[in-house]
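For this note's numbering, add 8 to where a residue sits in the sequence shown, where the first one is 1.
Rather than coming from a laboratory, the hints here were simulated on the basis of the structure.
This list has only true hints and no planted wrong ones.
Okay, derived cross-link-like pairs now, BS3-like style, lysine-lysine, Cα gap no bigger than 30 angstroms in a straight line:
| no. | residue 1 | residue 2 |
| --- | --- | --- |
| 1 | LYS297 | LYS282 |
| 2 | LYS233 | LYS249 |
| 3 | LYS265 | LYS297 |
| 4 | LYS335 | LYS265 |
| 5 | LYS233 | LYS246 |
| 6 | LYS381 | LYS249 |
| 7 | LYS297 | LYS233 |
| 8 | LYS246 | LYS381 |
| 9 | LYS297 | LYS336 |
| 10 | LYS265 | LYS337 |
| 11 | LYS233 | LYS381 |
| 12 | LYS282 | LYS335 |
Derived DEER-like restraints, expressed as beta-carbon distance ranges:
| no. | residue 1 | residue 2 | range |
| --- | --- | --- | --- |
| 13 | PRO333 | ASN211 | 19 to 29 angstroms |
| 14 | THR123 | PRO183 | 17 to 27 angstroms |
| 15 | THR262 | ASP164 | 21 to 31 angstroms |
| 16 | THR116 | ASP286 | 36 to 46 angstroms |
| 17 | LYS246 | ASP291 | 36 to 46 angstroms |
Just so you know, even glycine gets a beta-carbon here, dropped at the ideal spot from N, CA and C.
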Amino acid sequence: MFTAHPLLNYDLSRRSALKRLAGGVAVGAFSATGISRALGADQPPHLPATVVASSPRFLCNAIAATRNGTLFLGSPRWETMDNTPGIFRVSSDGALHPFPGGTWNQWTPSIDPSTAFLMVNGLHIFSDDTLWVVDQGIDPATNTAVPGGQKLVQFDPQSGKVMQTLQWGEDILPPGATMNDLRIAGDLMLVTDSGLGGIIIHNMRSGHTVRRLSEHPLLRATYAKPMIGRDGHIFRDKNGKRPLVHSDMLEITTDRKWLYFSTPIGPLRRVPTKVLLDDTLTDAQRAEKIETVTDMPTMMGTAIDTLDNFYFADAERGRIMVLTPDKKKLVLFEDPRLVDGDALFITADRQMLVPIPQTERLPTNNAGVNALKPPFISLSFPLPETLHGHRLGNASTSL
9 MFTAHPLLNY DLSRRSALKR LAGGVAVGAF SATGISRALG ADQPPHLPAT
59 VVASSPRFLC NAIAATRNGT LFLGSPRWET MDNTPGIFRV SSDGALHPFP
109 GGTWNQWTPS IDPSTAFLMV NGLHIFSDDT LWVVDQGIDP ATNTAVPGGQ
159 KLVQFDPQSG KVMQTLQWGE DILPPGATMN DLRIAGDLML VTDSGLGGII
209 IHNMRSGHTV RRLSEHPLLR ATYAKPMIGR DGHIFRDKNG KRPLVHSDML
259 EITTDRKWLY FSTPIGPLRR VPTKVLLDDT LTDAQRAEKI ETVTDMPTMM
309 GTAIDTLDNF YFADAERGRI MVLTPDKKKL VLFEDPRLVD GDALFITADR
359 QMLVPIPQTE RLPTNNAGVN ALKPPFISLS FPLPETLHGH RLGNASTSL
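Taking the hints into account, I'd like the entire structure generated from these sequences.
What follows is the structure in C-alpha cells.
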C-alpha cells in the first residue's frame, strides 16, 4: 500500500470554499453586481480568488472537478518529486488522498507500468463526469518513456474503478513521442504530442486511431524564442540548456470545426478539424490549411468556453488572459501568486481553476537551483458574465 508522506493529510480550513465550488450560488450572486461594476475600468476585474487546494510536498500542474465539486489534482514525477502518488482526490475538509489507491500511486521500476502512474501530465473531466488521466509514462531517472507506461486512463471518479485504458504502438507513438494533453469532441479524442510534434486522433466509437502532422515544423518549437517566466526569468538548466516543448496546448471550438494548438511559446495556430480527418490528404496538404492566429507570450495552460473565448495562463506576467474570437486580448485575472499557472479548468458552475506548480523554480528550469516554495496551491475564481463588454461563456466539456 502507499505510504503517505506525513504532510499529505492535513486540514486546509477551506470547507466554505469547497462548498461554494460545488454549489456556485454565492459566486453567481456576486458576478451580477460587483464584477460588472469593476469592468468599468481598464484594469481586470477584482475577482475573489480562493485557495481551493494546497499541497505541502508535491507540486501539482493539473486540476479537474466533477459536477458536484469533487476536486482532483495531477502531480507529475518532475525533478525533486520522485515519490509523488501522481493523482490526489481532495476531500471536503481539504485533505489530499492518493487516487485511486494501491499500486496505481506507488510506481517503481518493478511494478507493471500499465497499471501505475509514472508521469501524470494531464487531468480532464468531460460532460459524462468521468476522470481522464494522461500518463506520459516517463521514468524520471532516464527521462525516457517506459515500454507500456504511456497511456490514457478513464476512471470512475467516485469508486476509482478503471473504465478503460488506451495505449498505442509505434505507428501512433514513435520513439520520442510524448502525449501531452487531450480534448474530446463527440466521438473524437484529440491528443497532442509534445515530444516530436503531432496530433493523435482516436475515434472512440470505432477504435480507429491516426497520427497527423507528425514532426511538422508548424507543430515544433525552436530555440529562437525562450520560455520566459515571471520578471523575465528564462527557463534553462545548470548547463544553460533551454527546454524545447513541441505541440502542447489544444482546444476545440464549440461547433467542432476548428482545432487550436500551440507550443508553450506560441504562436497560436488553428486547423480545420475536417482537414485532420480527411484520409485523402497528405500531411503536407493538411499543413497548407493551418492558420496562424496570433503571437503568444509563454503560456502553461489553456481553456475554451462555449462562446469560443480562448483562455490562457500568461506565465510572463502572472495573469489569466482571454483571446476573443475576434482576436482581442483581455486581461481577466492577475495575482502575485500566479507563478506559472498551468492547465486551466472551467467548472460546470463557471469557476476557473488554476493549479500553480512554480515550474520556473525547478532546478532544471532555474540554472540548477531549487527555488520551489511550498505549499503548492491551486486557485479558484468566478468567471464574470462579461469582460470589458465582451460576453464570456460556460464550460465547454463536450463529449
